[in-house]
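Two independent chains are provided; combine them into the complex using the hints.
Chains as they are written, first to last, in our numbering: chain A, 29 to 343; chain B, 5 to 178.
Keep in mind that a hint or two might mislead.
Taking lysine-lysine and the DSS-like style, the derived pairs with C-alpha atoms no more than 30 Å apart in a straight line are [stated by the list, open to error]: (1) B:15 to B:153; (2) B:167 to A:73; (3) B:26 to B:49; (4) A:247 to A:215; (5) B:126 to A:74; (6) B:15 to B:167.
Which residues of chain A face chain B? A partial, calculated answer using Cβ under 7 Å [stated by the list, open to error]: (7) 60; (8) 63; (9) 66; (10) 72; (11) 75; (12) 77.
Think of the hints as simulated: they come from the structure by calculation, not from any bench.
Quick reminder that beta carbons are idealized off the backbone N, C-alpha and C, glycines included.
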Amino acid sequence: MPSEVGQIVWRHRNVIDVDCFTREELYFLLDQARHMENVMDRPIKKVPVLRGKMAVNLFFENSTRTRVSFELAEKMLSADVVNWSVSGSSHAKGETMRDTAWTLEAMGADIVVMRHGAVGSAQYLASKLKRAIVLNAGDGTHAHPTQALLDLYTAWKHLGNLEGKKIALVGDVLHSRVARSDIIAFKTIGCDVVLSGPPTMMPREINSLGCRYEKDPKKAVENADMVYLLRIQKERQQDGLFPSVDEYHRWWGADDDLMKYAKPGALAMHPGPINRGVEIASEVADGHQSVILEQVRSGVAIRMALLYLCGGGAR
Amino acid sequence: MSSDDLNRVIKRIAHEMVEQNKGTENMILVGIHRRGVYLARRLQKIIEEVEGTKVPCGELDITLYRDDLTMLFEQPMVHSTRMPQDISGKNIYLVDDVLYTGRTVRAALEALVDLGRPSSVKLAVIIDRGHRELPIHADMCGKNVPTSKNEVIEVKVTELDGKDEVVICERDAQ
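Isolated chain B (complex conformation) (with noise of 0.2 Å):
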């Protein structure tokens, strides 16, 4: 996927957030690190163009949740959780880059469960790639990418990784 084609997918995403809210009243986004964080802040970005409202955007970090720490290769590093607001009675919008087993998601829910009760969680992705191993489903999605296990998919984003662009690579590759 080329920048362009990430962007429209952004875009794509920004706009069926605000349909499924009815507006912008109520929501708050929220970007799972790390890259998650940095989708969510251009959702909010166009979001405010679109609509003239500045939706709050907060950033959860969800290694200190996960079941597969034992499993990991490297150091998993941990990151700031921020919340903009007290999240009780909100819309929250999760942001990630790609939903994969469903276990980051499972992770992130219970990360949102202990800063309070919002009203509803809805999960956006850049892309979904299949292989769940939990009942977990993404509302918005970029593009659906049926992979093999030893596919990896990478969402690069500029403020990150210098550009744009979302590639498929072997995982014995990285």
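Bound conformation, chain A alone (with noise of 0.2 Å):
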């Protein structure tokens, strides 16, 4: 592990996306989810950290394993959770989120998780809620901070110190808020970043986010440290975004031979849920180089490490 975790003053009361955090919080949050994932080997998986606090999940979209892992988080540090589910809500009634907002506090929310498909709503609902924090699940295509920060707390597991490290992001780039903060995270550390995937999948942005852009796969992933593949949405198809599944999974999917170009040893990730045979091949995704599963373990200890550093912690 890198030396340079120093002891800062966490100055976050929200999450919204990792572009508010420095080189040296991000070094300080790894570090504290380090220590937090010591607590998921422990007989008694429990400490009492934010007992008596209440936290809200709060999910517009459906998602299973980004509410599993703020659950099973929330419950690690003893916090009481409360799981919102739109279907069914108020809120299809027709109610606003500012009045949710408020309803939330009322009953005595201190945390809210919050997933939703517009961009901005995170950031809306912590602006009317007073005393709550509000932590970022996903809104729309702007961001995804904790996967950001779990795929990040992965790589810095087995790579150590990440600056200069090559990280290659394949796949859409354009829809995906993982891409967006995956990219705003790692060049914040330090890394190279190269996109690649069909153009009709990448921003037009790509230089003011301080990326490379590769149409050839095998280009962005030669000599890189870790490929990243993002998931296709299949809806997307329906667009014309590319011409078929089994095209896309010829030119950008990842197997073996493509994974050949990186490093030897080059990790592979993958936000989940994977498409087989489509962004990556099972040859990969079950390979010595997928650290998928580690993710999703990693996942937990960021949030935790979140939870108590926002929710617990600091005040």
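This is the structure in structure tokens:
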């Protein structure tokens, strides 16, 4: 582990995106997550740091793994957890998010974890809450900060100091909140980020993100320390952004042949759930370079660290 | 307290531990982060010199068990908890630098219980400065130092602070 972790004063109340973090804060957070991960290995996977706090998981979009990951993290820190599902809720009956926010606070929520399809929804919720903190679990195509942080944490555990490491992000960058947050996180910590995928799935502002674009995934992956495969949402196929799933896999799908261009032992990562045979072949998803399941575990540790720092330890 | 005084105190506590435990069998030293960890390692070394047995030594972080997080000025930093083996059925010797309100020890006991069921837990501290807020006492104590609440006792260890000494300062002068 790199020795760059120092004591800092945590100044973040909400986590809307990763662009609020400095490099030092990211390393501090990774170090705290490392200690939180130790709790997961104990016979009693529970510490009392958020005892008496109420966490509400407010999911306007379906998500199993992110919600369960947050719920596990909250429970391991002894928070009381309420899962607020949108179907059948007052929101479906026409309640505004502002009223939902005030309702949550009136019920005594201390922590609100929200996923929503609209860009900026987490920021809006945070602006309406006077006491409770907000952790963004994904807002539209804007940001997915905890996913980016768990990716960073997984890479840090394997690669150590990440400065100068080459990261290849392959797939649908345009529609991916994971990609946006990952780019910011890995760039902040000093990585060289290269994007690849169909030109129809690339954002126009690639240069302003500080990344390079290589249409040929082999060039993007060449000498990479980590290859990150983005999930192709099959509904995009109807938008005509790529000709067919088979052709996508042939061009940009990660198989052993593509991974040979990366550094020996390079990490293969994916935010899940994976589409086998589309953006990733089973030989890579299940291969020795894959850290996909480790990312899932890292997610709990990172979310514990954020819950602790924003919701317990700092105030 | 000078470096020599501190070393004498640590040696005495090491002997007391072995005497109380009637040897080193079933014994585990557990240092409370941060300085307790270094003190526990020193005790381990002395016991090894005296008894010829290396007693297992662990480290315990109690940050996630504190009940006063909201009252702290600085961001409490979580450290690792590492036990050399299962603590169930063992005689645990908790080691810390200063015993004050007793809240750190309470948190440490709670953390230990989450890790297993020790046969017994004993507490060793370098300084007992009084002002207890919980019914906790040290089984082995280097020195009792009556203090005012406006004072702070700093136990410095070479491994962390570059020198061994114990000093009393005014809280505002920190």
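Status of each hint after checking the structure:
1. Straight-line distance between C-alpha atoms of residue 15 (chain B) and residue 153 (chain B) comes to about 29 Å, which keeps the hinted pair within the 30 Å bound.
2. For the proposed pair residue 167 (chain B) and residue 73 (chain A), the alpha carbon gap of about 38 Å is over 30 Å, so the pair is violated.
3. About 18 Å separates the Cα atoms of residue 26 (chain B) and residue 49 (chain B), which keeps this hinted pair within 30 Å; it holds.
4. At roughly 19 Å between alpha-carbon atoms, residue 247 (chain A) and residue 215 (chain A) fall within 30 Å of each other, so this suggested pair holds.
5. Proximity of residue 126 (chain B) to residue 74 (chain A) is assessed by CA-CA distance (about 24 Å); at most 30 Å being required, the pair is judged to hold.
6. Using a Cα cut-off of 30 Å, the hinted pair residue 15 (chain B) and residue 167 (chain B) holds, with the two alpha carbons roughly 17 Å apart.
7. Interface hint at residue 60 (chain A): satisfied, since its Cβ lies 5 Å from the closest Cβ of chain B, which is below the 7 Å cut-off.
8. Interface hint status for residue 63 (chain A): upheld, as the beta-carbon distance to the closest one in chain B is roughly 4 Å, under 7 Å.
9. Given hint, residue 66 (chain A) at the interface with chain B, holds; its Cβ is 6 Å from that chain's nearest Cβ, closer than 7 Å.
10. The closest approach between the C-beta of residue 72 (chain A) and any C-beta of chain B is roughly 4 Å, which is under the 7 Å cut-off, so the hint is satisfied.
11. Interface hint at residue 75 (chain A): satisfied, since its Cβ lies 4 Å from the closest Cβ of chain B, which is below the 7 Å cut-off.
12. Proximity of residue 77 (chain A) to chain B holds as hinted, the smallest CB-CB distance being about 4 Å (cut-off 7 Å).
This entry does not satisfy hint 2, going by the numbered hints stated previously; all others are met.
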